[in-house]
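Okay, here's what each chain looks like letter by letter:
2 protein chains.
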Amino acid sequence: MAARRKSPKSDATKRAREPLSSLLRVPSGPVRMDQFDPRATPGYPGKGKQDAQRHVDALAPELSDLQERLYADGRSNPDSVAKVLVVLQGMDTSGKGGVIRHAIGLVDPQGVQLKAFKAPTAEELQHHYLWRIEQALPGRGMIGIFDRSHYEDVLVVRVDSLVPESVWSQRYDELNEFEAKLAANGTTIVKCMLNVSFDEQKRRLAERLADPTKYWKYNPGDLDSRSKWPAYMEAYEVLLERCNTEVAPWYVIPADRKWYRNWAVAELLREKLAGLDISWPAAEFDVSAEVGRLTAMP
Amino acid sequence: MAARRKSPKSDATKRAREPLSSLLRVPSGPVRMDQFDPRATPGYPGKGKQDAQRHVDALAPELSDLQERLYADGRSNPDSVAKVLVVLQGMDTSGKGGVIRHAIGLVDPQGVQLKAFKAPTAEELQHHYLWRIEQALPGRGMIGIFDRSHYEDVLVVRVDSLVPESVWSQRYDELNEFEAKLAANGTTIVKCMLNVSFDEQKRRLAERLADPTKYWKYNPGDLDSRSKWPAYMEAYEVLLERCNTEVAPWYVIPADRKWYRNWAVAELLREKLAGLDISWPAAEFDVSAEVGRLTAMP
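Here the protein sequences come in this chain order: Z and A. Anchor point for the first sequence: position 156 equals 165 in my numbering, and the numbering is continuous, going up by one each time. Anchor point for the second sequence: position 267 equals 276 in my numbering, and the numbering is continuous, going up by one each time.
FYI, nobody ran anything at the bench for these hints, they're computed from the structure. All figures in this text were calculated on a predicted structure; none of them were measured in a lab. Keep in mind that the hints are not guaranteed to be accurate.
Identical copies go unnamed one by one, so any copy, or any two together, can satisfy a pair.
Said to hold, decoys possible - Calculated pairs, EDC-like style, for lysine to aspartate or glutamate (alpha carbon to alpha carbon, straight line, at most 20 Å): (1) Lys223 / Asp295; (2) Lys58 / Asp46; (3) Lys190 / Glu27; (4) Lys211 / Glu186; (5) Lys267 / Asp74; (6) Lys127 / Glu293; (7) Lys267 / Glu77; (8) Lys190 / Glu174; (9) Lys58 / Glu293; (10) Lys223 / Glu280; (11) Lys223 / Asp74; (12) Lys226 / Asp182; (13) Lys267 / Asp117; (14) Lys226 / Asp117; (15) Lys190 / Asp101; (16) Lys237 / Glu71; (17) Lys223 / Asp66; (18) Lys211 / Asp43; (19) Lys223 / Asp286; (20) Lys226 / Glu27; (21) Lys267 / Glu132; (22) Lys237 / Glu174.
Pulled out of the complex, with its shape left as it was, chain Z reads as follows:
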């Protein structure tokens, strides 16, 4: 293997004492949402909003390099199995779209497979709830991003009783089994709950209603969900406790400060990719023979 070379360490890594994946990991055991501060900025290496762009720019080259290794591995290493799945969950206005634009937008779009899950279609409803999820899974070398996910099937489905409790209550174990299988097949799973506070959500919804360039982001249904906030928080507490496995851990990302939220998801992704320690794939052809052919050509 001529192509092994370790990835460079970014400034951000050197400065942070503890990896973000430890700082933001949901501890095992019973979860209460009020144990997480939506305005906190754990692990952030700078001062605050004023230097956030600089810190995102600082990690971007390494993130981009690591993503390219993953992609190259998927394309040219016949034994490759590695792929990444980032699950984004959160209440309305928590910033799933903002994270995709500002954090995921840092890497080559060719290596990203995005899927936004809406209310299931008539066709999707005729299948098992994981059917549409399976179809959207990232292939090798790819980073899959789920904007909402299979967790809606224990969130809105539970809160609005879309199926009987006897059905949704069995899904937690089923989700763990499903994710364990993905992990065994080479998928690095990163589940992020974007944690916006009740008050900040109100401010953001009011902003959307005050700005005609943001009307399109607003949906009257958002207020219906807001009115069920406690039931949603309870549903999150249960899934954060029951589906927080070693192979598919949950991270709660403080999301009241957009600059922190975006930096944190980018840094978490960088850490996860670095952890894969992927080498550039070896040549699948005879390098010197090809050099000879090329040199002999006009």
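Given the coordinates of chain Z, assemble chain A onto it according to the supplied hints.
Chain A only, in chain Z's frame:
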């Protein structure tokens, strides 16, 4: 319509005398590839490589704003039909991937639908050659990017005689009809031929063979195509002449200087989006009623 607001003009626009879409448009009539200089930098508002990043950064905010309008329109305007299709064609190493990373990567990945066309699969070969193209077309509000396209069916297919001449020779008219239908359905089509020179291709292939982090981008088949360069140029000349319609024009992008190539595709896309003159969609709900509901909530 409360939401009408014109998009801001970028510095780049003010400085350029003539739009890039005029400067790079293939003139009608017979085409010879040697009429295009792969090292030219038409319309570039700066000095050269040293300020290229600054000029890309300068157009990025407007490009991003325009893309968001298109996306919002597709999501929230019930009468919306607008979508954009960017076709990228070019010889190996011309930089289709580089353009996607550096130019298309400037906009929100949520609004981009990428499709790379490889040699057709067994299933694809059982269908009409436009079948797989139809399936990858962008939906409303989206920017579709084709990395290679239906033009392969008059490029490699013609050069390698994969179907008889009587078949491929009829495709030029068929492609024009196909694209005319897309345009009539609201698709803005932007076809870019990334024009790398024969000599620059040799340098880039040699670079890939000299750098283990680039082996994965190299394929021995690249040299087979290189050995047929004149036949490919002839095939390009024919399609650039015969499929250069008002609703689906061809642009030849000088591609020997990567910084110019990336800037040019970003600027061309900005011009095309600005030309759509899309307003923010009106609210599909009663704004003051929603403000009332929100205010009444805790």
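Verification of the hints:
| no. | hint | verdict |
| --- | --- | --- |
| 1 | Lys223 / Asp295 | between (55 Å within a copy, 14 Å between copies) |
| 2 | Lys58 / Asp46 | within (17 Å within a copy, 46 Å between copies) |
| 3 | Lys190 / Glu27 | neither (29 Å within a copy, 57 Å between copies) |
| 4 | Lys211 / Glu186 | neither (37 Å within a copy, 51 Å between copies) |
| 5 | Lys267 / Asp74 | between (25 Å within a copy, 19 Å between copies) |
| 6 | Lys127 / Glu293 | between (42 Å within a copy, 19 Å between copies) |
| 7 | Lys267 / Glu77 | between (27 Å within a copy, 19 Å between copies) |
| 8 | Lys190 / Glu174 | neither (25 Å within a copy, 50 Å between copies) |
| 9 | Lys58 / Glu293 | neither (46 Å within a copy, 34 Å between copies) |
| 10 | Lys223 / Glu280 | neither (33 Å within a copy, 23 Å between copies) |
| 11 | Lys223 / Asp74 | between (34 Å within a copy, 12 Å between copies) |
| 12 | Lys226 / Asp182 | neither (34 Å within a copy, 42 Å between copies) |
| 13 | Lys267 / Asp117 | between (22 Å within a copy, 16 Å between copies) |
| 14 | Lys226 / Asp117 | between (26 Å within a copy, 15 Å between copies) |
| 15 | Lys190 / Asp101 | neither (30 Å within a copy, 38 Å between copies) |
| 16 | Lys237 / Glu71 | neither (41 Å within a copy, 38 Å between copies) |
| 17 | Lys223 / Asp66 | neither (27 Å within a copy, 24 Å between copies) |
| 18 | Lys211 / Asp43 | within (18 Å within a copy, 61 Å between copies) |
| 19 | Lys223 / Asp286 | between (41 Å within a copy, 18 Å between copies) |
| 20 | Lys226 / Glu27 | neither (36 Å within a copy, 36 Å between copies) |
| 21 | Lys267 / Glu132 | neither (36 Å within a copy, 45 Å between copies) |
| 22 | Lys237 / Glu174 | within (17 Å within a copy, 66 Å between copies) |
Comparing the model with each numbered hint stated earlier shows that hints 3, 4, 8, 9, 10, 12, 15, 16, 17, 20, 21 do not hold.
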